[in-house]
Amino acid sequence: MSGMDQLALVLERIANTSSRNRKIDLLATWMHELADADLGRAARFLSGEPVAGAAGGKLSVGHSILRESALAVIRIDIELFRICHREVGDTSETIGLLLRGKTICNPLSLESAEQGYLRLLSHRKTAGKVATLSALLEQMRPLTAKYFLKVITGNFRIGLQRKLVEEALAKATGAKLTAVRDASNRTGDLAQVAHSARHGSLETLEARLFHPMEFMLARPLDEIADLDDPENWYVEDKYDGIRSQVHFENGKVQIFTRGLADTSKSLPDIVEPFSRLGGKAVIDGELLAYRNGRALNFTVLQQRLARKVVSKDLIGEVPVVFVGYDLMYRNGQLLLDSPIEVRRKLLEDLFQGLSMPFLVSPQRPLVSHGDVEQSFLDARSRGNEGLLLKRKGSLYEAGKRSLNWCKVKRPYGTLDVVVTAAEQGTGRRATMLSDYTFAVRDGERYLNVGKAYSGLTDDEIRELTKLFRSISREKFGRVTVVEPQVVLEVAFDGVRKSPRHKSGYALRFPRIVRWRKDKTVAEIDGLARVKELYERSLA
Amino acid sequence: MQLQYSSDGIHIPDVDLWLDPQVSKPTAWISHAHSDHARYFSKTVIGTSVSLEIYRMRWPEDVNQPQTLTPLNYGEAMDWNGARLTCLPAGHILGAAQLLIEFRGERLVYTGDLKLEAPLCGVKTQIVPCDQLIIESTFGLPIYHFLSCQEAREEIVGFAKECLDDGATPAFLGYPLGRGQEIVHALSKAGLPVAVHGAIAKYIPVYERHGYDFPGWMPYEARNVQGKALVVVPGMRRLLESSGKDIRVAYVSGWASLDNARLRANAEKLIPYSDHGSYAELIEMVEGTGARQVDVVHGYTDEFAGILRSRGIEAQAPAISRLRSAEEDAE
Chain W
2 MSGMDQLALV LERIANTSSR NRKIDLLATW MHELADADLG RAARFLSGEP VAGAAGGKLS
62 VGHSILRESA LAVIRIDIEL FRICHREVGD TSETIGLLLR GKTICNPLSL ESAEQGYLRL
122 LSHRKTAGKV ATLSALLEQM RPLTAKYFLK VITGNFRIGL QRKLVEEALA KATGAKLTAV
182 RDASNRTGDL AQVAHSARHG SLETLEARLF HPMEFMLARP LDEIADLDDP ENWYVEDKYD
242 GIRSQVHFEN GKVQIFTRGL ADTSKSLPDI VEPFSRLGGK AVIDGELLAY RNGRALNFTV
302 LQQRLARKVV SKDLIGEVPV VFVGYDLMYR NGQLLLDSPI EVRRKLLEDL FQGLSMPFLV
362 SPQRPLVSHG DVEQSFLDAR SRGNEGLLLK RKGSLYEAGK RSLNWCKVKR PYGTLDVVVT
422 AAEQGTGRRA TMLSDYTFAV RDGERYLNVG KAYSGLTDDE IRELTKLFRS ISREKFGRVT
482 VVEPQVVLEV AFDGVRKSPR HKSGYALRFP RIVRWRKDKT VAEIDGLARV KELYERSLA
Chain B
78 MQLQYSSDGI HIPDVDLWLD PQVSKPTAWI SHAHSDHARY FSKTVIGTSV SLEIYRMRWP
138 EDVNQPQTLT PLNYGEAMDW NGARLTCLPA GHILGAAQLL IEFRGERLVY TGDLKLEAPL
198 CGVKTQIVPC DQLIIESTFG LPIYHFLSCQ EAREEIVGFA KECLDDGATP AFLGYPLGRG
258 QEIVHALSKA GLPVAVHGAI AKYIPVYERH GYDFPGWMPY EARNVQGKAL VVVPGMRRLL
318 ESSGKDIRVA YVSGWASLDN ARLRANAEKL IPYSDHGSYA ELIEMVEGTG ARQVDVVHGY
378 TDEFAGILRS RGIEAQAPAI SRLRSAEEDA E
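Residue numbers (the working numbering), protein chains in the order written: chain W, 2 to 540; chain B, 78 to 408.
Excised from the complex, chain W in its bound form (with noise of 0.2 Å):
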C-alpha cells in the first residue's frame, strides 16, 4: 500500500467512528509519517484540491466522465451501472464498488495521485479525460479509487469538516491549534499551512484573498437586563440579510456567504461597482433587498438569489444593497486583531463618498440598558431583525460565537391558536403527543398556520397528551387529529405565504410561549389578523 491507498484506508475508517477524538487521532497518526512533500499533499486533498489552487471542479470531470471511464474497466452496461448508482446515491461510490475484482491493485502513491489529476486537467477533450481516467482506475485499488474521485467530486460525506484536518494538523506537526486555525484562516491553503507548521514557520506566512474566512458570530442576549455594562458596548442594527463577505482587489470580486460558498454570479449589480473601487479588502457585511430606504421581505432576497439568470429586469424589481459592518483585512494588512474602532475607522474611510449599493450600517455608543429597549424598537419600525451590540476594544474573533458581541431578537408577534393535530414525538418524547398543528379561526372554520414542537414542559406534554387522546376525532399513523379545544400562545419570527396550509400563511419559527387553560377556543385570533402581521412585514 502506498500513500492515496492509506489515505482511502483513513478516511473509511474516520466515517466509521462518531468520536471526534478518534477522527482526529487517525488522521495526525498517518500525517504525521508523511514526508513534507506529501503532508502538503494530503492536506489539499482533503480539502477538495486535487491540484494546487483549483478545486476539483477545475478538472471539469462531471459524473458522465467519470461513469464512461469506469464503465470501460467495470465492462456492464450502462442501465446496470444507473441501477447500482440508485441504490448507492452517490458516483465516487458506486464505481469504487463496481470496481471489486476489476482492477490490478496497484499501489498509488499521493505523488502518482497528484499527478493523475494533473494530466486530468491538461486535457480539453471528454475522450482524453476519459482516457487518462480509466487507465488510472484499471490499475487503482476499489477503495482508493473510491476516494481517488471524492477528491474530484469535492464531497468526501463523512464528516471530515476543515476544522478537523486543522485539529489533525496541529496534532501531527505539534504546532499550536490556535496557530493553524488563524493560519488556514487567513491563508486558505491547508497544504502551505502544514509545511509552515510542521516547520514552526505559521506566523510568517501572509494572508491571502479571495478563499472565504471565517465570520465572527453573535451570541443571543435573551434578557436586555443580563447586559452589565451598557456603556461599554456599541449598538447596531442587526439587519434581516445574507451574512456576506466581499474579497476585492484591482477589479476582481469575488463574495461569500455563511455556507462559505460563492454567490458572486448572482449578484453583478454588486460585483460590478466594488470592482471599481481601488486597493483590496475583505469587508464584512449583509446582503440586502432594498427599496426606498427601507430592507424589503428576506424571503425577496432569497428569491433572488435563486435564479440562475439574472435579468436587468429583475434588477430594477429587487435591487439589492450591499451594508458593510466590519473590515477583516485591507492593503495589505489582516485586520482581525485590530480593535473594533480601529476597524470601524478604515471601513467608513473605504466607503466614505460611495452612494448605492454601499452602505455602512450605522453605529454608536451605547448608553443604558433604556437604550437598548428604544434602539430595538426604532430598529424593527425600520424593518430590521434587532440589534446587535459590540463590545469596544473587542477583536475580530473568526469562526467563533464570542462574547463580544451580542444580538438582541424578539419574537415578531404572538398569536392566541387553538391545536387542531397532535403527534407523537420522538426520543425522549416518544410516546407523547408533542408536536402540535395550529390553527386560527376564519368565521366558522379553524385553518392551520403552523407547527410547533417546543416551549412546554414534559409534565405539560403529558398532561395534553392524556387530554389530546381524550378528545381524538381521528388517528392518521402517528398524528391525531383532535377537537379544536387547547389553546395556545405562540411567538413567531415572521409571516409568509405557503402553499401547505389551507390559511395560505405559515408562521416563522414559531415555538410555544404557554398553555392557555384561561382562555377558549371562542378568544383565538382570527386570520385577519395573520394577514395583517404579514402585510406589515411586507410594509
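Don't read these hints as lab results, they were simulated from the structure. Heads up, a few of these hints could be off.
[What the hints assert, rightly or not] Here chain B is said to cover these stretches of chain W; the calculated rule only asks that three of the stretch's residues, wherever they fall, bring their Cβ under 8 Å from a Cβ of chain B:
#1 15-21
#2 81-87
#3 96-110
[As the list claims (entries may be wrong)] Here are some chain B residues the structure puts well away from chain W; computed CB gaps all over 12 Å:
#4 K120
#5 R135
#6 P143
#7 T163
#8 Q209
#9 A276
The model shown is predicted, which means the values in this text are computed figures rather than measured ones. No residue lacks a Cβ here, since even glycine has one placed at the ideal position from N, Cα and C.
Fit chain B to the known structure of chain W by using the hints.
Then chain B, alone, in the frame of chain W:
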C-alpha cells in the same frame, strides 16, 4: 417440473408440495424459521429439526389445527408423492436448508434464503447440480460485497472494544433470530460483557443445543448497561438514545455495504456482513448448479434475472408477492 407462483407461495402441483407458503396449505416445506417463510398452520410441515423447533416456539400448537411436523435434516432424504426430497444446508441462519426435488428424472433445487459462505453460527452451503433452480436475490446487484465471517467477527469485537475503551456503550441492532445470536456469539466468545435483549436471548438455548456456546452473556436491563456491549432489537434504538448514555450504534447487515446505510440506519459503524449471499456468492451458486432454468424470487428479481440472461442463463423473475418480515435483511 411445472411451478405455480402466487401470493400464497410456490406450488409444485405434480407432487402437491408448497415451498414456504404464506398461508396454511396441506403440505409445506419450510426452508428456515424466519416468519416470512415459516408461518401459519399447514397440515404437514417439513423442515430441519431446528427450523421446526423454532417454528413451534413462534407458532404454538393449536388444537383446532392439527399438524404433523416432519423433520428432514441435512443430508437426509424422503419420498413424497412419487418425488424424492433431499435436504441440503443453506447457510442463511441456523437450520436453514435448500430442498432438492427429484421427480421423473428432473432435478429442481429451491434455495430458500441463501448464504454460500459459512455464517458465524451455521454450516457452509452445499452446491448441488440441478436442472431447475429457484433462488433469491436480496443482494443481487454487483455493488454488494460482504466481509467473511472471520472479518465480521473481528469488526464486531473491535468496535465493541473501541467503544468500551472510550467509556461509551456499543449497541448492535439485530433481528430476533439469526444475526442477533451470531453477534452475541462473537462478542461473548471474545470475552466481552454482553447484555442481550429478551427477544434475542429467547433463542440462545436452541443455538446452545446445536453446539454454539455463549459464555457469560446476561439479560439486558435498562438500568445496567454501562461497560457492556448491547445486542438489542432495532425497536430499542429510541429508548437507548434517549437514555442520555453515550450509545454508539453499529449496523451489521448486507445493506451496510453502502455508505447511505449510515444515515438510513442511523449508525456510525457499518459492518457489511449478511445472512444472505453477496452478489458474487449468488452468481457462484447459480453457475455451480449448472441449472438450465433459473427463477429469481426475491429482492432485485428483475435485475438479477437480467444479469443472468446476459451471462447466457435462461432466467426469469416470476410475479410473486412474498410478505416481508421485519426480521431479515430485506428490511
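Broken hints, numbered, in rising order?
none
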